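Colleague: Residues per chain, in single letters:
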Amino acid sequence: NAGVTQTPKFQVLKTGQSMTLQCAQDMNHEYMSWYRQDPGMGLRLIHYSVGAGITDQGEVPNGYNVSRSTTEDFPLRLLSAAPSQTSVYFCASSYSRDRGLDEQFFGPGTRLTVL
Amino acid sequence: GIQVEQSPPDLILQEGANSTLRCNFSDSVNNLQWFHQNPWGQLINLFYIPSGTKQNGRLSATTVATERYSLLYISSSQTTDSGVYFCAVEPHTQAGTALIFGKGTTLSVSS
Numbered sequence: 007n008a009g010v011t012q013t014p015k016f017q018v019l020k021t022g023q024s025m026t027l028q029c030a031q032d033m034n035h036e037y038m039s040w041y042r043q044d045p046g047m048g049l050r051l052i053h054y055s056v057g058a059g060i061t062d063q064g065e066v067p068n069g070y071n072v073s074r075s076t077t078e079d080f081p082l083r084l085l086s087a088a089p090s091q092t093s094v095y096f097c098a099s100s101y102s103r104d105r106g107l108d109e110q111f112f113g114p115g116t117r118l119t120v121l
Numbered sequence: 541g542i543q544v545e546q547s548p549p550d551l552i553l554q555e556g557a558n559s560t561l562r563c564n565f566s567d568s569v570n571n572l573q574w575f576h577q578n579p580w581g582q583l584i585n586l587f588y589i590p591s592g593t594k595q596n597g598r599l600s601a602t603t604v605a606t607e608r609y610s611l612l613y614i615s616s617s618q619t620t621d622s623g624v625y626f627c628a629v630e631p632h633t634q635a636g637t638a639l640i641f642g643k644g645t646t647l648s649v650s651s
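Quick note, the sequences are listed as chains A and B, same order. Read left to right, the first sequence gives residues 7 to 121 (the working numbering). Read left to right, the second sequence gives residues 541 to 651 (the working numbering).
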């Protein structure tokens, strides 16, 4: 049981380049989400998914796309990277309870620098 | 949207001391979770605690949902307790979709 995995661990991009951050979980969790963490800002929700084929925007979705074709995978795409997207990105997953979300499990994070 | 405020923002302790971290939130929530981010950046779930009190070793947490706050107690602190502690809430109005995080309390424990 690997839990939540993320690749890559580190990435440097030039402004305007595109890339995909990978996230996978092997716990059969319905809910998956992406957060970014910036100094002094806590974690802010980018996008989330409540099941395969269902995605929606969080607090800071601009510049990012997601898709959820399987229960296990939830990739985050940066279409045209900007320096403002320099951050640490975390993927999380959980079961969905009747009244909301269950205990959240986080991946190890991806540190992204955009030059 | 809901506001989540944590206090204090920074805390410096000697090994063996006790501490209390506070999380206030501005609206009704479905659940509340406490996380520890270690110095290597890994986020670990400490408690899932929508209400009541839970204990896990030297750590315990209490949530009083009707008064919109939660407390995390750390007793006999150790250097390995250092890191950032986050409180996160799931608002009633965003049930099943979002956890909203506070900005965290940075704890430094010295030997």
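No lab work stands behind these hints, which were simulated from the structure alone. Treat the numbers as computed from the prediction; the structure is a model and nothing was measured. A couple of the hints might just be wrong.
Per label pair, the in silico range of CB-to-CB distance [unchecked claim]: (1) B:Gln582 / A:Gln23: 24 to 34 Å; (2) A:Thr119 / B:Pro590: 18 to 28 Å; (3) A:Ala58 / B:Gln595: 16 to 26 Å; (4) A:Ser75 / B:Thr619: 39 to 49 Å; (5) A:Lys15 / B:Thr646: 21 to 31 Å; (6) A:Pro89 / B:Thr593: 42 to 52 Å; (7) A:Gln23 / B:Val604: 26 to 36 Å; (8) A:Pro67 / B:Gln618: 21 to 31 Å; (9) B:Glu607 / A:Pro89: 22 to 32 Å; (10) A:Ser24 / B:Glu607: 17 to 27 Å; (11) A:Met25 / B:Leu611: 24 to 34 Å; (12) A:Thr21 / B:Val604: 44 to 54 Å.
For glycine and all other residues, C-beta sits at the position ideal for the given N, C-alpha and C.
Colleague: Each hint needs a verdict: does it hold in this structure or not?
Modeller: Verification of the hints:
1. B:Gln582 / A:Gln23: 24 to 34 Å: holds (28 Å)
2. A:Thr119 / B:Pro590: 18 to 28 Å: Since the Cβ atoms of Thr119 of chain A and Pro590 of chain B sit about 38 Å apart, the hinted range of 18 to 28 Å is violated.
3. A:Ala58 / B:Gln595: 16 to 26 Å: violated (37 Å)
4. A:Ser75 / B:Thr619: 39 to 49 Å: Because 44 Å falls inside the window, the suggested range holds.
5. A:Lys15 / B:Thr646: 21 to 31 Å: holds (23 Å)
6. A:Pro89 / B:Thr593: 42 to 52 Å: Holds: the Cβ-Cβ distance is about 45 Å, inside 42 to 52 Å.
7. A:Gln23 / B:Val604: 26 to 36 Å: violated (48 Å)
8. A:Pro67 / B:Gln618: 21 to 31 Å: Given range 21 to 31 Å: violated, Cβ gap about 39 Å.
9. B:Glu607 / A:Pro89: 22 to 32 Å: Taking Cβ atoms as reference, Glu607 of chain B and Pro89 of chain A lie about 42 Å apart, which means the hint is violated.
10. A:Ser24 / B:Glu607: 17 to 27 Å: violated (47 Å)
11. A:Met25 / B:Leu611: 24 to 34 Å: violated (41 Å)
12. A:Thr21 / B:Val604: 44 to 54 Å: holds (48 Å)
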